[in-house]
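A.B. asks: Sequence:
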Amino acid sequence: MVDLPMKILKTTTSQITFISDVTKNKIHEQDYIILFDKNKSTNKHLLAQVSRLSQEKANEMKGIAYILGEFEMDEFRLSTCRIPVSMYAEISIPPKGLVSRIISYDGEDGIYLGDIITSPSTTDPFLISPQFLERHVLCVASTGAGKSYSIGVLLEEILLKFNNASVLLFDVHNEYWGLGLENTGKEIKNLDRAGYTPQGFTEKLMVFDEDSIGLGTHFDLPKIRRLLEISAAQENVLTNLIQEPEKLEDILRKVKDADIHTGTRENLISKINILQKQSVYTKDLGVSSLVQSNQVSIIRLDQYTDEKKRNMLVNELLTQIFMMKVHGKIPKEQEILIIIEEAHRFAQKSDILARIAREGRKFGIYEILISQRPGDLPDNIIANMNTLVALRIKSEKDITKIRLMEGINTDTVSVLPHLTKGEALIVGLQDGISSPIKIQIRARLTKHVDPQEDSMPDSIPRFDSSHPIRERQLSKQDPPKDENSFELDLAPSQITMKPIDYKDLVNLLYCEHIMITHKLTGICLYKFGTSMLKVDPQLVSGFLTAISSLFTELKDEEIKDRTIIRDFSEEIGDRTFKIITIEGNYSVTSLILERPPKFGKRLRKRGREFVYAFEKKFHKLLTNFFGELDPFEAVIDDLDQFLGLSLLGPLKLKTDRENGMNDNQLVQIIQEQSNKLANSEGLFIKEIVNHGLISSKFKYIEIFKNLLNLFREDLLVPLDPNRRLPNFDRNDVSDESDIVTEYKKSILQSLQEDELPTESLSNQADDTNPEWVTQIVAEILENSLPDQLKEDILIRDIIFESNIKLKDNTPNTSVYSKPELVKSLNLLSKAGFKTITKTTNPLKGPKFIISSGSAELVVSISLYNSNKYLCVIAQLD
399 MVDLPMKILK TTTSQITFIS DVTKNKIHEQ DYIILFDKNK STNKHLLAQV SRLSQEKANE
459 MKGIAYILGE FEMDEFRLST CRIPVSMYAE ISIPPKGLVS RIISYDGEDG IYLGDIITSP
519 STTDPFLISP QFLERHVLCV ASTGAGKSYS IGVLLEEILL KFNNASVLLF DVHNEYWGLG
579 LENTGKEIKN LDRAGYTPQG FTEKLMVFDE DSIGLGTHFD LPKIRRLLEI SAAQENVLTN
639 LIQEPEKLED ILRKVKDADI HTGTRENLIS KINILQKQSV YTKDLGVSSL VQSNQVSIIR
699 LDQYTDEKKR NMLVNELLTQ IFMMKVHGKI PKEQEILIII EEAHRFAQKS DILARIAREG
759 RKFGIYEILI SQRPGDLPDN IIANMNTLVA LRIKSEKDIT KIRLMEGINT DTVSVLPHLT
819 KGEALIVGLQ DGISSPIKIQ IRARLTKHVD PQEDSMPDSI PRFDSSHPIR ERQLSKQDPP
879 KDENSFELDL APSQITMKPI DYKDLVNLLY CEHIMITHKL TGICLYKFGT SMLKVDPQLV
939 SGFLTAISSL FTELKDEEIK DRTIIRDFSE EIGDRTFKII TIEGNYSVTS LILERPPKFG
999 KRLRKRGREF VYAFEKKFHK LLTNFFGELD PFEAVIDDLD QFLGLSLLGP LKLKTDRENG
1059 MNDNQLVQII QEQSNKLANS EGLFIKEIVN HGLISSKFKY IEIFKNLLNL FREDLLVPLD
1119 PNRRLPNFDR NDVSDESDIV TEYKKSILQS LQEDELPTES LSNQADDTNP EWVTQIVAEI
1179 LENSLPDQLK EDILIRDIIF ESNIKLKDNT PNTSVYSKPE LVKSLNLLSK AGFKTITKTT
1239 NPLKGPKFII SSGSAELVVS ISLYNSNKYL CVIAQLD
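For the sequence shown, the numbering used here assigns the number 399 to the initial residue and increments by one for each residue that follows.
The set of hints was computed from the structure by calculation and includes no laboratory data.
Hints are supplied without guarantee of correctness; some may be wrong.
What the hints assert, rightly or not - Restraint-style ranges between C-beta atoms, simulated for each label pair:
1. N562 to E488: 25 to 33 Å
2. S519 to D749: 45 to 53 Å
3. I481 to P403: 23 to 31 Å
4. N638 to P855: 50 to 58 Å
5. T541 to K438: 36 to 44 Å
Backbone N, C-alpha and C define an ideal beta-carbon position, used for all residues, glycine too.
From just these sequences and the hints, can you work out the full model?
C.D. replies: This is the structure in structure tokens:
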């Protein structure tokens, strides 16, 4: 370390006052210094930052340096300074890399905006805590200081490191589409030391033009109140007229026909007519299209020449998104980042910006407000901004307003007029660091757009409301040279996959719809929905069987490293497939393949060929899709934790067997877990359907018999599929483990007015037609069973995935003799079912798909021994 010719005049635990000889070594504001007291036995050093300098004499400067904390050279961890440093302490310049190592965030998810400037000649890479994004950010700069460039760098970091973030960017100048293109400028040479390479993010970008945005054609009273400046008398009139959301023309007709004061009527008619002329209300756009996970949605405000219309658009969109978050229509775990360019234009007319700044954090919605005129921002917004990113700014009015932010003082703002282009002062970055940090913004990975010279190319994805499937879902690659080089074999093949995927119970409370499919056949094994959503199995089955053929083709070729195949399988099967596409009352499963796995040229080539072949095969289904995307993930271990079970699916048993467990061990596991389920407290969940346990050796019916016992004790309550799940505020639950308990209480409360059966199933087990059992079954299966199947023996078999038992009404075995099996299938035939297909069961034995026109079942038959058969019946969605 280089010693500085400085003398300490005054010292406390928070700051020192010093004088410096400028002829020997010039010191600057915002420079860092190290203080060390040789006379103390401790090895602790102090890190300080020069904050204020004044010329005392021709060759002497007087200054103040704030103590940031103390550290030891071998630990580099900053802690609070508790004892003032001696006035005789040595003062030195920190060596390169030391300051960054002490105060930079050390996690892999750190945000790299640029290099910290520790002195005029020294910079070091500096990482920011990701919590920086959860604190509401104000970015200020004079025109030309580099604020849009800096925000572009921040967006790159979000796209690189935060896969669940939804970013909504209001673009006033049409300059952020450059995020989709690679930077080719000279400055990219500076990216090497950070391990970055230029790239575009086309696949994570969506531009919304004026023609593609609509705020809805239906209006309720709160929406009218937001959009029209109406008097109390006018509001009373509309309160009586608008009972539910209606179109403007219908509201206008009611106002014209209403028996009200003439002046009130004419005034309302005039205001509604003005609203009708705003084209933004001539079409609907689901807000969820704007807040997709891992997507930056760019709303082009440059196309709106009418300032009132533009402000109305911003205000209404933000209001809808915020209210959806508040009421749980957007999952709490999905964080939304709202970025608004020239925020001063909208803040004066928008209460919603202030409300999000005040309340947004607890709902997972955060703001980044960008302005070259912060002096025009309301005080109540400024006061709720926790982090300042300031580039050069000179206006005294703006600097005065910035001082309203917490942690900003005179010393901090005095630096702002003297920053050079690309330098930024950041305050409030992360806990434990209150001092301002000056950084040099790094070079961008993506293109920085000049709106006056650059035009947006066709490669940038635009949202098309008439054909809203996102083009990035379909590969933009050229067809393979040999178009027939990859043939999709849609017959299932025997591929070892991971266990069935289940959803975490807590997350179920916030989920619109979940579908769990058999990974080899595409058959729906489990469905959970708060609305009547249907599943089209064609894409599900098509993808799964197609990917199986890819694995088979790869295994058949000469590949030495078998691990590559397994990893490639997991990459495709576990990260790509788990997407549910939802539109209105319909749900379709589609394929999104992210970047090709990093497994070499040959496998990348085959992966691209597979994507091309799959999308060609199912192009019509994909391109005809109108809707939104809702990803879900495999969390079987989380569900096991809640249920206390380690046995919930056939593929998990299959995996245990492959891991070397013998038959006796498996039998013991089954018995233990069945007993746990039988003796445990019941869980109030919406549906219990279709766990297809398939095996040739074991009797798994005991598990479902225990489920039946829970029904008998009224511990499992099936709910109406049309019923919305009860709402309760997760934030009110202090202990995470109490969430399920609180949820059960809320369901019980919602059921108080319902007519539930009082007689137990055991009391009516011998009844040939128990009506309330039929009702429960119909609710569980979403009323999809035909009338012919509402017979006691068949209903129970379908619910519990057991087998038809003809000797009595209690299913207790899964094995049949040949005559019994034939008789069972004949019984299905008499119920109106007929065989429509016969395929090879990828697990064991033949599989029949039978249909009665209104429902489809899968019948799987396996040979148990020389004269016994295993028969499993499951519903096919």
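A.B. asks: Is the hinted range of 25 to 33 Å satisfied by the C-beta distance from N562 to E488?
C.D. replies: violated, 48 Å
A.B. asks: May I ask you to test the hint 45 to 53 Å on the CB atoms belonging to S519 and D749?
C.D. replies: The hint (45 to 53 Å, Cβ to Cβ) holds, given that S519 and D749 are roughly 48 Å apart.
A.B. asks: Given the hint of 23 to 31 Å, is the C-beta distance from I481 to P403 inside that range or not?
C.D. replies: holds, 25 Å
A.B. asks: Take a look at whether the Cβ-Cβ distance between N638 and P855 falls inside 50 to 58 Å.
C.D. replies: holds, 53 Å
A.B. asks: Kindly confirm whether 36 to 44 Å is satisfied by the beta carbon distance between T541 and K438.
C.D. replies: violated, 51 Å
Of the numbered hints stated above, those contradicted by the structure are hints 1 and 5, listed in ascending order.
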